[in-house]
Amino acid sequence: MSSWARCLLAIALLVFTAAAGAEMYPGVGREATPAEVAAWDIDVRADFLGLPAGSGSVSAGAELFAAQCASCHGSAGEAKGGAIMAPLIGGITQADIENGQVQALLATPPVPRTVFMKLAKLSSLFDYIQRAMPWTTPKTLQPDEVYASMAYLLYLAGIVPDDFVLSNQTMPEVQALLPNRNGMSTDHGLWPGASAADGGFGNGGVPDVQATACMHDCAAQVAP
Amino acid sequence: MLPGPTKIGVLQSAPEGFLSAEDIQSLKSGRRGFLRASLLAAGAAITAPVVAIDGAAEAEGDPAILELPPWTRSAGQGVAARPYGAPSIHEASKVRRDLPGMSSYAGNSVSFTPLQNLFGIITPAGLHYERHHQGWHDIDPARHRLMINGSAPGMLKAPRVYTLADLLRLPSVSRIHFLECGGNTGMEWAGATMPTVQYTHGMLSCSEFTGVPLRVLLEASGVDFRKARYVLAEGADGASLTRTIPMELVESDEVFVAYGQNGEMLRPENGYPLRLVVPGVQGVSWVKWLRRIEVGDQPYATREETLHYVDLMPDGKLRQYSSVQECKSVITAPSGGQKLLETGFYNITGLAWSGRGKVERVDVSVDGGKNWNTARLESPVLDKALTRFNFDWIWDGKPAVLQSRAIDSTGYVQPGISELRAVRGTQSIYHNNAIQSWQVQASGEVKNVQLG
Numbered sequence: 001m002s003s004w005a006r007c008l009l010a011i012a013l014l015v016f017t018a019a020a021g022a023e024m025y026p027g028v029g030r031e032a033t034p035a036e037v038a039a040w041d042i043d044v045r046a047d048f049l050g051l052p053a054g055s056g057s058v059s060a061g062a063e064l065f066a067a068q069c070a071s072c073h074g075s076a077g078e079a080k081g082g083a084i085m086a087p088l089i090g091g092i093t094q095a096d097i098e099n100g101q102v103q104a105l106l107a108t109p110p111v112p113r114t115v116f117m118k119l120a121k122l123s124s125l126f127d128y129i130q131r132a133m134p135w136t137t138p139k140t141l142q143p144d145e146v147y148a149s150m151a152y153l154l155y156l157a158g159i160v161p162d163d164f165v166l167s168n169q170t171m172p173e174v175q176a177l178l179p180n181r182n183g184m185s186t187d188h189g190l191w192p193g194a195s196a197a198d199g200g201f202g203n204g205g206v207p208d209v210q211a212t213a214c215m216h217d218c219a220a221q222v223a224p
Numbered sequence: 001m002l003p004g005p006t007k008i009g010v011l012q013s014a015p016e017g018f019l020s021a022e023d024i025q026s027l028k029s030g031r032r033g034f035l036r037a038s039l040l041a042a043g044a045a046i047t048a049p050v051v052a053i054d055g056a057a058e059a060e061g062d063p064a065i066l067e068l069p070p071w072t073r074s075a076g077q078g079v080a081a082r083p084y085g086a087p088s089i090h091e092a093s094k095v096r097r098d099l100p101g102m103s104s105y106a107g108n109s110v111s112f113t114p115l116q117n118l119f120g121i122i123t124p125a126g127l128h129y130e131r132h133h134q135g136w137h138d139i140d141p142a143r144h145r146l147m148i149n150g151s152a153p154g155m156l157k158a159p160r161v162y163t164l165a166d167l168l169r170l171p172s173v174s175r176i177h178f179l180e181c182g183g184n185t186g187m188e189w190a191g192a193t194m195p196t197v198q199y200t201h202g203m204l205s206c207s208e209f210t211g212v213p214l215r216v217l218l219e220a221s222g223v224d225f226r227k228a229r230y231v232l233a234e235g236a237d238g239a240s241l242t243r244t245i246p247m248e249l250v251e252s253d254e255v256f257v258a259y260g261q262n263g264e265m266l267r268p269e270n271g272y273p274l275r276l277v278v279p280g281v282q283g284v285s286w287v288k289w290l291r292r293i294e295v296g297d298q299p300y301a302t303r304e305e306t307l308h309y310v311d312l313m314p315d316g317k318l319r320q321y322s323s324v325q326e327c328k329s330v331i332t333a334p335s336g337g338q339k340l341l342e343t344g345f346y347n348i349t350g351l352a353w354s355g356r357g358k359v360e361r362v363d364v365s366v367d368g369g370k371n372w373n374t375a376r377l378e379s380p381v382l383d384k385a386l387t388r389f390n391f392d393w394i395w396d397g398k399p400a401v402l403q404s405r406a407i408d409s410t411g412y413v414q415p416g417i418s419e420l421r422a423v424r425g426t427q428s429i430y431h432n433n434a435i436q437s438w439q440v441q442a443s444g445e446v447k448n449v450q451l452g
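Protein chains in written order, with our numbering: chain A, 1 to 224; chain B, 1 to 452.
It is possible that some hints are incorrect.
To be verified - Covered by chain B, per the in silico footprint, the following chain A stretches (three or more residues, Cβ under 8 Å):
| id | segment |
| --- | --- |
| 1 | 25 to 38 |
| 2 | 62 to 70 |
| 3 | 93 to 104 |
| 4 | 130 to 144 |
| 5 | 148 to 157 |
| 6 | 167 to 174 |
| 7 | 191 to 204 |
Stated by the list, open to error - List of simulated lysine to aspartate or glutamate pairs, EDC-like, C-alpha gap at most 16 Å:
| id | chain 1 | residue 1 | chain 2 | residue 2 |
| --- | --- | --- | --- | --- |
| 8 | B | Lys317 | A | Asp187 |
| 9 | B | Lys370 | A | Asp187 |
| 10 | B | Lys7 | B | Glu419 |
| 11 | B | Lys157 | A | Asp217 |
| 12 | B | Lys227 | A | Asp198 |
| 13 | B | Lys398 | B | Asp315 |
Unchecked claim - Far from chain A, by Cβ distances over 10 Å, these chain B residues were calculated:
| id | residue |
| --- | --- |
| 14 | Leu66 |
| 15 | Trp71 |
| 16 | Asp166 |
| 17 | Ala220 |
| 18 | Tyr300 |
| 19 | Lys317 |
| 20 | Lys370 |
Keep in mind the hints are simulated off the structure, nothing from the lab.
These numbers come from a predicted model, not from an experiment.
Glycine included, each C-beta is placed from N, C-alpha and C at the ideal position.
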């Protein structure tokens, strides 16, 4: 077969496959209604796609936090939940806010890692509070309440002043102040998709640790 | 093959449930010295081994043979006395265990698989480790739905909804894969910490999963694979946990939406009635109680991708989207907390796995890594599945350090803890795939140690 004929055949197969997808199992599944998608599609992406309109002040957040959050997180976000539940607040400095990378992550000996020491995307916080908080009544907070709770936390963390109002309009400017906004790296070999060179992450799967399989008289190791 | 007639050694299994209130307090406070004291206490509480034969009866023979037991002299129970079935009452200690003090919320915690008690490669569903982010529910399957939608118009032709009955009608695959939490062995980064293999490596299980390839569902929704390069998977639990998965794994047909596990429906603790299977990738991406798949043109930076499941490197940066579970192995017996009661012949057995392919080879050392010999791999040896290895060993009563080292089909060699630390430091929490060392002391007691 000539190359142009092979090409035509490939195109024909592609078109056939795409068309067959929806028709292959007629009656199995159905189209979702717009209301159904709206009810479940609650994720907020790093570019703020999915962020609902709304706003909340630090003072409203303080009230809400005391009523619905402090019993687990402590009145100042210091956490009471054991090793898995990290404290929310602490470990960041004015210099971190300016530089966008938290120096306490390098502390020796290590210090407990708070949420604001790690948080690189403000969207993650909105998305998580909206979908999973409060612990016993998740998905009950209205957008304004999510904004308010975040405004209070940002105030406790020293990132915004006490009269600040967080909203879908002010989210980007606060994103630019997050203490660890530059603290992430995707330069590794543990992403199973496309590499950074191909529009994905990392080096395409090259391991960072290279060991060899010595069999005999291997380098003596330190006794326990 | 043994060189000749050999005395058979006897292994006392690990003392179970030995964490005392003091141990728990010690663990909470971050001190790690608790394991020695607790093991000594637990060891003392255990009675003499069951192999001892009564002196008087010894001349004639074993009373277990000479005196017919009740079950040989009476009628047994009828069929369906226990409609589902359950393990023997004599196996009651072989259970999932949590780590008291790890979390104040049992719904946000971990229970560990008793690897030291298992054979082969399949984990019984009831012993599959648990990691929940907001507790588990026993979801009514009639009210469960799976939605496929796009992040924006143009990512797919139309969003779709499936019932469980719908999914059960579609073409299915059954595949055996391991499932390991990214935080498995995480307590060992800074030093030998946990007393037994259940706690060092027990966030690890392997099952046969059955379900529908995700590619089939995405094609039926008319996904534009040129634009939609990322998949968001979302659970129906209170946390509605979300993770980003690369479309490449869907296109390769590896990712599937599972309803079956080891021949039956998923257990509620494992995501009943639907969970995502993402072979080779850490457990958090195998979203349980799966309710929604969104396809999009960007990754999602979810909470489990920015605040948790990020690996702190020595330069202070957090590694994000670290997903693959690299090649790893561990000796499950003899292992920490167990005791060799006599010198003689032992079977060293363990598990090996790789998130990048098949296990190619496992080497075992009994001298702390100075010399290695290749172990037997027992079939089956499957892609991204646990692989059982065995190794004959005669213990001469001298202290020994047992280690296993796996090599996968990409040629990657499981590193030592010092090699891992040289690159990643000690604060990473996740993705510790170091060689595990078990020290056999002259007393026969087995301890968790780290060399180098």
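ask   = Are at least 3 residues of the segment 62 to 70 of chain A within less than 8 Å of chain B when you compare beta carbons?
value = This one is violated; 0 residues, fewer than the three required, reach chain B with a Cβ under 8 Å.
Item to complete: Take a quick look at whether Lys227 of chain B and Asp198 of chain A sit within 16 Å of each other, Cα to Cα.
Response: holds (13 Å)
Three residues minimum, CB to CB under 8 Å: does the segment 130 to 144 of chain A make the cut for coverage by chain B? Let me know. Three-residue rule met by the segment 130 to 144 of chain A, so holds; n is 5.
Given as non-interface: Trp71 of chain B, which should sit over 10 Å from chain A by C-beta
The claim holds: Trp71 of chain B sits with its nearest Cβ about 46 Å from chain A, beyond 10 Å.
Coverage of the segment 191 to 204 of chain A by chain B (three or more Cβ within 8 Å):
Coverage by chain B holds here, the residue count being 8 at a Cβ distance below 8 Å.
### Exclusion check [Asp166 of chain B not at the chain A interface, CB over 10 Å]
At about 5 Å from chain A, Asp166 of chain B fails to clear the 10 Å cut-off, so the statement is violated.
At a Cβ distance under 8 Å, does chain B reach at least three residues of the segment 167 to 174 of chain A? violated (count 0)
Holds or violated: Lys317 of chain B to Asp187 of chain A, with C-alpha atoms at most 16 Å apart
holds (10 Å)
Claimed coverage, the segment 148 to 157 of chain A by chain B - three or more beta carbons nearer than 8 Å
violated (count 0)
**OP:** Taking the shortest Cβ-to-Cβ distance between Tyr300 of chain B and chain A, state whether it exceeds 10 Å.
**Re:** Violated, because the least Cβ-Cβ distance between Tyr300 of chain B and chain A comes to about 6 Å, which does not exceed 10 Å.
Item to complete: Please count how many residues of the segment 93 to 104 of chain A have a CB within 8 Å of a CB from chain B and say whether that reaches 3.
Response: As far as the segment 93 to 104 of chain A goes, the hint holds, because 3 residues have Cβ atoms under 8 Å from chain B.
Is the nearest CB of chain A more than 10 Å from the CB of Lys370 of chain B? Violated, because the least Cβ-Cβ distance between Lys370 of chain B and chain A comes to about 5 Å, which does not exceed 10 Å.
The structure shown violates the earlier hints numbered 2, 5, 6, 9, 10, 11, 13, 16, 17, 18, 19, 20.
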